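4 protein chains.
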Amino acid sequence: MIIVLKAGTKADKIKNLMKSLESQGVDVSHFSDVKRDFLGLIGDTSVINTDQIRAHHEVEQIIRVEEPFKRANRKFHPENSIITIGDETIGGERLGIIAGPCSVESEEQIIGIAKRVKKAGANFLRGGAFKPRTSPYSFQGLELEGLRMLQAAKKETGLPIVTELMSVKWIDEFEESVDVIQIGARNMQNFDLLKEVGKTKTPVLLKRGLSATYKEWLMSAEYIMSEGNENVILCERGIRTFEPETRNTLDIQAVPVIKKLSHLPIIIDPSHAGGESYLVEAGAKSGIVAGADGLMIEVHNDPENAWSDGEQCLTPDEFAGLMEKAHKLASFEGRSIQKAAESLTR
Amino acid sequence: MIIVLKAGTKADKIKNLMKSLESQGVDVSHFSDVKRDFLGLIGDTSVINTDQIRAHHEVEQIIRVEEPFKRANRKFHPENSIITIGDETIGGERLGIIAGPCSVESEEQIIGIAKRVKKAGANFLRGGAFKPRTSPYSFQGLELEGLRMLQAAKKETGLPIVTELMSVKWIDEFEESVDVIQIGARNMQNFDLLKEVGKTKTPVLLKRGLSATYKEWLMSAEYIMSEGNENVILCERGIRTFEPETRNTLDIQAVPVIKKLSHLPIIIDPSHAGGESYLVEAGAKSGIVAGADGLMIEVHNDPENAWSDGEQCLTPDEFAGLMEKAHKLASFEGRSIQKAAESLTR
Amino acid sequence: MIIVLKAGTKADKIKNLMKSLESQGVDVSHFSDVKRDFLGLIGDTSVINTDQIRAHHEVEQIIRVEEPFKRANRKFHPENSIITIGDETIGGERLGIIAGPCSVESEEQIIGIAKRVKKAGANFLRGGAFKPRTSPYSFQGLELEGLRMLQAAKKETGLPIVTELMSVKWIDEFEESVDVIQIGARNMQNFDLLKEVGKTKTPVLLKRGLSATYKEWLMSAEYIMSEGNENVILCERGIRTFEPETRNTLDIQAVPVIKKLSHLPIIIDPSHAGGESYLVEAGAKSGIVAGADGLMIEVHNDPENAWSDGEQCLTPDEFAGLMEKAHKLASFEGRSIQKAAESLTR
Amino acid sequence: MIIVLKAGTKADKIKNLMKSLESQGVDVSHFSDVKRDFLGLIGDTSVINTDQIRAHHEVEQIIRVEEPFKRANRKFHPENSIITIGDETIGGERLGIIAGPCSVESEEQIIGIAKRVKKAGANFLRGGAFKPRTSPYSFQGLELEGLRMLQAAKKETGLPIVTELMSVKWIDEFEESVDVIQIGARNMQNFDLLKEVGKTKTPVLLKRGLSATYKEWLMSAEYIMSEGNENVILCERGIRTFEPETRNTLDIQAVPVIKKLSHLPIIIDPSHAGGESYLVEAGAKSGIVAGADGLMIEVHNDPENAWSDGEQCLTPDEFAGLMEKAHKLASFEGRSIQKAAESLTR
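The listed protein sequences correspond, in order, to chains A, B, C and D.
If you read the first sequence in full-length UniProt numbering, its first letter stands for residue 1, the second for the next number, and so on.
If you read the second sequence in full-length UniProt numbering, its first letter stands for residue 1, the second for the next number, and so on.
If you read the third sequence in full-length UniProt numbering, its first letter stands for residue 1, the second for the next number, and so on.
If you read the fourth sequence in full-length UniProt numbering, its first letter stands for residue 1, the second for the next number, and so on.
If you're looking for bench data, these hints aren't it; they were derived computationally from the structure.
Quantities reported herein were computed from a predicted structural model and do not represent experimental measurements.
The beta carbon of each residue, even a glycine, is placed where N, CA and C say it ideally should be.
Treat the hints with caution; some may be incorrect.
Stated by the list, open to error - Just so you have them, the derived chain C footprint on chain D, three or more residues with Cβ under 8 Å: (1) 113-127; (2) 182-190.
Claimed, not checked - Far from chain D, by Cβ distances over 10 Å, these chain B residues were calculated: (3) Ser23; (4) Ser29; (5) Arg54; (6) Thr134; (7) His263.
To be verified - Short, incomplete list of chain D residues facing chain A, as computed with Cβ under 8 Å: (8) Asp87; (9) Phe242; (10) Pro244; (11) Val255; (12) Val257; (13) Ser277; (14) Leu279; (15) Ala290.
One chain only, chain A, in its complex shape:
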């Protein structure tokens, strides 16, 4: 961290500031050129209170040379993290393919879709039991009953379950019955929820906030990791932009940038990004060639009657068609996707 002081700052003011910084546990060195003085901070600057420094009248600018995250930082963990979920992993050579409906609607529905997506090559089942909805008058999910149905589908197919947690109230139920806890985009900075899932051992799928920067996203991962749970999977699901034709704008560059900054796996959700089924294929394929560790795709047996987000769902047949292409593309990139045949015989 470098602190640029205002031109003409007096020597005693500089000394005071240095002392105050050193008392926070870092080493401070002092340079100057003809016009200005600078302070260079060395040590663990992640604990430095930059708000407090910035409020000093003599401070012109603070420059963070180091990233503010530690556990999520690739510098201190050069190899990729591979997250283990039951018999599956995310972050290794094989892509994680998470598929299923937006909302769990009935036991029959979720089991039916689970079988179809597994057959096509998915190795995880998604389905919302608790739904974050802009309107209090919209369907809010089947809640605990939905969790139970997801478990029934897991029992039937063996697919591990990925589903969203919206309240610390249900954390025990999720720990017990969910394989990957999803934190939604709107809760990316619900720090209380992040800390609580950080105290569990269950892998967490952390969606990027609607207008969050990469660093804010990684700082939210850091919240979870700093409580002891290092099993974090990042999920790019599109960001809000001025474009009204698409629900969100898929930021494909997130993949190489996150890979550079962090060792955590990152997957792509092309369904929420585009918000329309015809956009899923381009997003999914882009994700694979950009180096993503997996895909999260909404599949519904009857999109026209889906209780939520039907517009962006693929039918099971469309999903199977996409998986065929994805399979080849993954090979092209030196990665793999579970084969349809393979999944059937397991």
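Position chains B, C and D against the provided structure of chain A, taking the given hints into account.
For chains B, C and D alone, coordinates are given in the frame of chain A:
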């Protein structure tokens, strides 16, 4: 709500769709021009699942003519809502002036500032006990100890307390000891938290999300109100834009637009909007002339040593100077601010 | 300018980089702390090619401590610039009130409106002769015929003319017959046009681009000034944000920030910002209390039949009502607006 | 187009509005449900002045069911447009690969790079002779001398030239010596320039504006096409978002959306999108799998000493490596890229 159907939609498809809509409790009428068919929905369309409609292949576009919020809507509640908090109100002729430090740091500090801001004309005390911070390594607030100190300051000055709630875990403590529960920008769509504060009777100050639209913000107010708590005060605190010179961009037009759409009071937080103390005056004065019902301003006795956000704090003297101008401006607008003298003799 | 080098950069690489920088005419000093080396550049760094520096593999980060603009910079021109336009000025104690229709529609229309706005206190007449329209099929303005009508209105009322130039093709006609050349938001970075108006002596009203930062805007002013024309007036007209209820978001903080960074006058256009007539008053009043040097307001005798932007126009009576309030508010701020009576007797 | 009228609009007002609309050359039909009246407009609504309609007090909302662009619209031109440029095409089965330096720096440089990129599979040469720079003090390009050098490189290699036009002043020189005229992002709504290139027959590469929507971009294409030049190639080069780690955010969904709305070819510029060379590969590959018709990539023999944008340039060797992968990926997608071998023997 108007549903535009794709050109060439068959009559039986239209009939099916109409039936499905009517089963959701609304009346549906069918028009057509030479090229296209339309369906007009009448009744309580706020319960209609637009996701499900949009997923029908024959639907080209859905147009909401009605706003999706009801309890927050001025159409059904033409007069302004006035929220009562102890002996004070927000939403009436007198402006609510909420002032205090970003974080509670000690009992001495919070009592000292409370006395100074009261003397200058504030009628509410703010101070963070639980702090939402981007980094898990930043100071997270004095928590329950901070709440206790706020109460001590209230005892000393009589000023009602406004402070942020980040977790449903502490809701009982807040109900007991806080006069206005603040929901921060990052939690504007933490629907679980909104529902829980909606079950209390304590007035809620709902900050606008970092990149939330007015309607999303009002829908979040609707979440609180739909649980029975109609005491919602909206707070514009700046939105995220491309401008790096300011922390956020104060959206002053929020005041007349919200006043048109809703009966709820709206106040302005110029401290968080600009993020620098020299911007507070312009923001505060703009808020008053635009018709806001109050101001929320950060004041610290020693900004250079504030534990958070010192850069945007006013000193008590600067605050007193601003209040003098605000007082005159409020009169000019036919509103009032408690006089310094008056507050001293209470 | 400070250049942060990557950890472990070799001494000879540093020497080479220093030589290359010195050859660009600046002094370079070299610091280092335990981990890293830094180069501090002193002198006129506005000519330094930062692209070229950034491309060196050993460069980690470049920090501009100085602003990249010179002529527009308040540091080198501490007092406010006052732009003289005929008998009027913008930037001094008296506010510049520019009013008139979006488009010039006929001689009768423009003369009629000019008389009404002058009577109400405007000291400049606006009216579009060349119109930037998103669609090639929309009305593009009366062009040279429109300029002629504006001159007729000036002859009748004495009001100096402000109108938009979209093409270098018409620059001679504008120099001859226009008092203030307006550069529209969409042309803020049409560098060719900026250079050409920079070669004239006519005052230029430079609108902020739809998603431009303050520094980009000031760099565009710098383009004009670097060609010799220092008569630049900045105009904040709202920026693009995610909010669909308003045409643009008025950024009121632009006024104090621009005043801090630059000596150039800045005015507010509340008509384009909000895009609806009911929002004009809040925007105009906010502009005055935030310290703006003037207002630009659309006025039309028959908004329902205006050829463009009728929704945001005030009627002459509404404008006169607003001016009455503006007059008092300006006095409150120690500024003035020409009185209605005064303008009539001139 | 559907016009929603306010509840309670009187019959005579409706009649007047219908007459006024019919006088603009469209058919108008009138519907109503219990609460409201609607007008449906049929015919060429692209000429309707929506500003004027919106200004009528009785109008609540205007809904455009039709797109406002005609010539660029896929509805009226279902097959893909293939643009012919000398012996090459863009929009057909073979991808257009445009490569070269950001700026032309010398004849030797541009010829050297042209040979290298041709050998690697590029079929077009890019290079800036006129450079749009934020600062007037930055290098502005070699101008006409740069054009001459590009022609020398074309003579040597046969590669058609793509270069940016910033001023109508040079349009004759560009028509004579340039194969594809590029319109930069900052000039996307420089309507004067669009009209002028629309009067030529030279193919135009139209970059998307920094925060432009797809429809605004297509309306700018429509400006060019409405003047007679239908040879428009669209180029996605990233949009401005809140993310500071990347220069812009590459919007890969632009490809399928533009393909749906329009018949015009679209290419991807991953160099400007990411702004750093390590991001080019992910962007380029995503473009190919999303269905883009080509790529525009910056290549420089000595990025560290490039006069502009060196940070985002590939070296010729890196470019050759990327082309090898791109070649295979194009085959995978049923498209092709000129083979290195093939280009050498031409």
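Against chain A, run the beta carbon of phenylalanine 242(D) and see if the smallest gap drops under 8 Å. holds (6 Å)
Take a quick look at histidine 263(B) and tell me if its Cβ sits farther than 10 Å from every Cβ on chain D, holds or violated. The claim stands: histidine 263(B) keeps its Cβ more than 10 Å from every Cβ of chain D (closest is about 19 Å).
Hey, does serine 23(B) actually stay past 10 Å from chain D on C-beta? Answer for serine 23(B): holds, closest chain D Cβ roughly 19 Å.
Can proline 244(D) be said to touch chain A, with a Cβ gap under 8 Å? holds (7 Å)
Mind checking the CB of aspartate 87(D) against every CB in chain A and telling me if the closest is under 8 Å? violated (30 Å)
Valine 255(D) was flagged as interface toward chain A. Is the shortest Cβ-Cβ separation under 8 Å? Hint holds; valine 255(D) Cβ to chain A Cβ min 6 Å, cut 8 Å.
Would the hint on leucine 279(D) stand, with a C-beta cut-off of 8 Å toward chain A? holds (6 Å)
Given valine 257(D) as an interface hint, is its Cβ closer than 8 Å to any Cβ of chain A? holds (5 Å)
Take a quick look at serine 29(B) and tell me if its Cβ sits farther than 10 Å from every Cβ on chain D, holds or violated. violated (5 Å)
Interface hint for serine 277(D), Cβ within 8 Å of any Cβ on chain A: violated (11 Å)
Outside-interface status for arginine 54(B) - nearest CB in chain D farther than 10 Å: With a cut-off of 10 Å, arginine 54(B) remains clear of chain D, as the shortest Cβ separation is near 15 Å.
Okay, the segment 113-127 of chain D and chain C, do three or more residues pass the C-beta test at under 8 Å? That given contact is violated, which follows from only 0 residues of the segment 113-127 of chain D lying within Cβ reach (below 8 Å) of chain C.
Figure legend: structure checked against the earlier numbered hints; hints not met, in rising order: 1, 4, 8 and 13.
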